[in-house]
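J.: Model the full assembly from the supplied sequences, consistent with the hints where possible.
Chains as they are written, first to last, in our numbering: chain A, 3 to 177; chain B, 3 to 177.
These are calculated hints, taken from the structure and not from any lab test. Mixed in with the good hints there might be a few duds.
One copy or any two copies: either way a pair holds, since identical chains are not told apart in the list.
[Unchecked claim] Derived lysine-lysine pairs resembling DSBU-like cross-links, with alpha carbons at most 35 Å apart: (1) K89 - K32; (2) K52 - K102; (3) K119 - K153; (4) K93 - K32; (5) K52 - K22; (6) K22 - K32; (7) K77 - K102; (8) K93 - K24.
Protein chains: 2
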Amino acid sequence: MFERSISERTVFSGNIITVKEKIVDMGEGKTSGREIVEHPGAVGILAFDKNNHLIMVKQFRKAVECELWEIPAGKIEIGENILDCAKREFKEETGFFAEKWRFLGEIYTSPGFANEKIFLFEARDLQSGQQLPDEDEIITMTAFSEDEIRKMVLTGLLKDAKTLSALLFYYYLDN
Amino acid sequence: MFERSISERTVFSGNIITVKEKIVDMGEGKTSGREIVEHPGAVGILAFDKNNHLIMVKQFRKAVECELWEIPAGKIEIGENILDCAKREFKEETGFFAEKWRFLGEIYTSPGFANEKIFLFEARDLQSGQQLPDEDEIITMTAFSEDEIRKMVLTGLLKDAKTLSALLFYYYLDN
Numbered sequence: 003m004f005e006r007s008i009s010e011r012t013v014f015s016g017n018i019i020t021v022k023e024k025i026v027d028m029g030e031g032k033t034s035g036r037e038i039v040e041h042p043g044a045v046g047i048l049a050f051d052k053n054n055h056l057i058m059v060k061q062f063r064k065a066v067e068c069e070l071w072e073i074p075a076g077k078i079e080i081g082e083n084i085l086d087c088a089k090r091e092f093k094e095e096t097g098f099f100a101e102k103w104r105f106l107g108e109i110y111t112s113p114g115f116a117n118e119k120i121f122l123f124e125a126r127d128l129q130s131g132q133q134l135p136d137e138d139e140i141i142t143m144t145a146f147s148e149d150e151i152r153k154m155v156l157t158g159l160l161k162d163a164k165t166l167s168a169l170l171f172y173y174y175l176d177n
Numbered sequence: 003m004f005e006r007s008i009s010e011r012t013v014f015s016g017n018i019i020t021v022k023e024k025i026v027d028m029g030e031g032k033t034s035g036r037e038i039v040e041h042p043g044a045v046g047i048l049a050f051d052k053n054n055h056l057i058m059v060k061q062f063r064k065a066v067e068c069e070l071w072e073i074p075a076g077k078i079e080i081g082e083n084i085l086d087c088a089k090r091e092f093k094e095e096t097g098f099f100a101e102k103w104r105f106l107g108e109i110y111t112s113p114g115f116a117n118e119k120i121f122l123f124e125a126r127d128l129q130s131g132q133q134l135p136d137e138d139e140i141i142t143m144t145a146f147s148e149d150e151i152r153k154m155v156l157t158g159l160l161k162d163a164k165t166l167s168a169l170l171f172y173y174y175l176d177n
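T.: Written out as structure tokens, the structure is:
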């Protein structure tokens with residue numbers, strides 16, 4: 003199955019997202035409209051400290067008008083290798099370098115309307131550095147035990163889909 | 003922490019999404035721009051048949067230009083109760099009624115740029131009905147064993163964040 007584009011037009015070009023309206027051919031003479039958000043893609047890092055506690059960051063997310071706990075993450079720059087991006091974002095958001103990296107998997111966060119793809123990594127053997135968040139980020143960092151993470155998920159304190167997805171990849175890989 | 007809106011303007015109003023540009027006050031005299039996609043929210047259903055196989059649907063997703071395996075899901079209509087929505091979408095996409103429902107949790111799929119919230123449910127005790135997909139959907143349905151699901155995740159065949167998140171809630175609730 004495939005939906006061929008009959009026409010498309012860009013309705014918004016921002017600094018981060020581009021929004022397009024497309025008309026698609028669904029076959030059998032049927033057409034339909036699609037509203038699509040284009041995003042550069044991102045990485046997310048499931049990082050464990052020497053106590054096997056998970057490094058989480060909390061920041062205010064304007065889109066949802068609240069603070070959220072998430073794994074460290076960030077957008078891929080044009081032409082950037084995804085592992086280099088993960089190392090850069092991890093250092094910027096947490097101040098840590100990590101010696102050991104493992105690819106966990108990739109996800110589409112909202113395939114119904116957005117092309118955002120997030121590449122997920124596990125990081126271990128952390129070395130302290132200096133936290134250097136972007137100008138437009140204010141980030142709090144904490145490490146949580148596996149039990150604390152489970153409680154955060156079950157009490158609704160952890161709602162971020164990339165974080166939940168990364169935890170599932172990790173669970174399936176190691177169990 | 004909170005980012006107060008200084009100004010906002012709507013740059014796109016579609017049938018499904020609305021896109022806004024906002025200027026926010028980050029405190030300490032700093033301001034920043036935010037590009038935000040507003041979405042009505044959705045439900046997703048982790049449904050198991052009598053063999054304990056998970057019901058999955060495959061459909062072409064124009065945003066990512068490929069077919070994806072996902073749990074049945076759909077947008078919430080204005081004023082609609084989320085459980086009613088889950089029952090309606092489940093019946094439309096799979097043809098099944100379910101007798102037993104359990105709330106699993108809620109997720110934000112892309113909190114960096116979108117307010118989409120998905121409410122996740124588990125459904126069991128399925129009764130056959132008639133599949134009635136929306137006019138603009140072409141859906142294939144299959145049931146997979148737990149082992150098949152695990153393989154699909156680890157081989158990269160299952161990339162949908164709401165599906166992975168629902169599986170994690172399910173795992174944490176029952177283990």
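J.: Are the hints correct? Go through all of them and say.
T.: Structure-based check of each hint:
no., hint, result
1, K89 - K32, "between (46 Å within a copy, 27 Å between copies)"
2, K52 - K102, "within (12 Å within a copy, 43 Å between copies)"
3, K119 - K153, "both (27 Å within a copy, 20 Å between copies)"
4, K93 - K32, "between (49 Å within a copy, 23 Å between copies)"
5, K52 - K22, "neither (45 Å within a copy, 42 Å between copies)"
6, K22 - K32, "both (20 Å within a copy, 31 Å between copies)"
7, K77 - K102, "within (21 Å within a copy, 40 Å between copies)"
8, K93 - K24, "between (38 Å within a copy, 28 Å between copies)"
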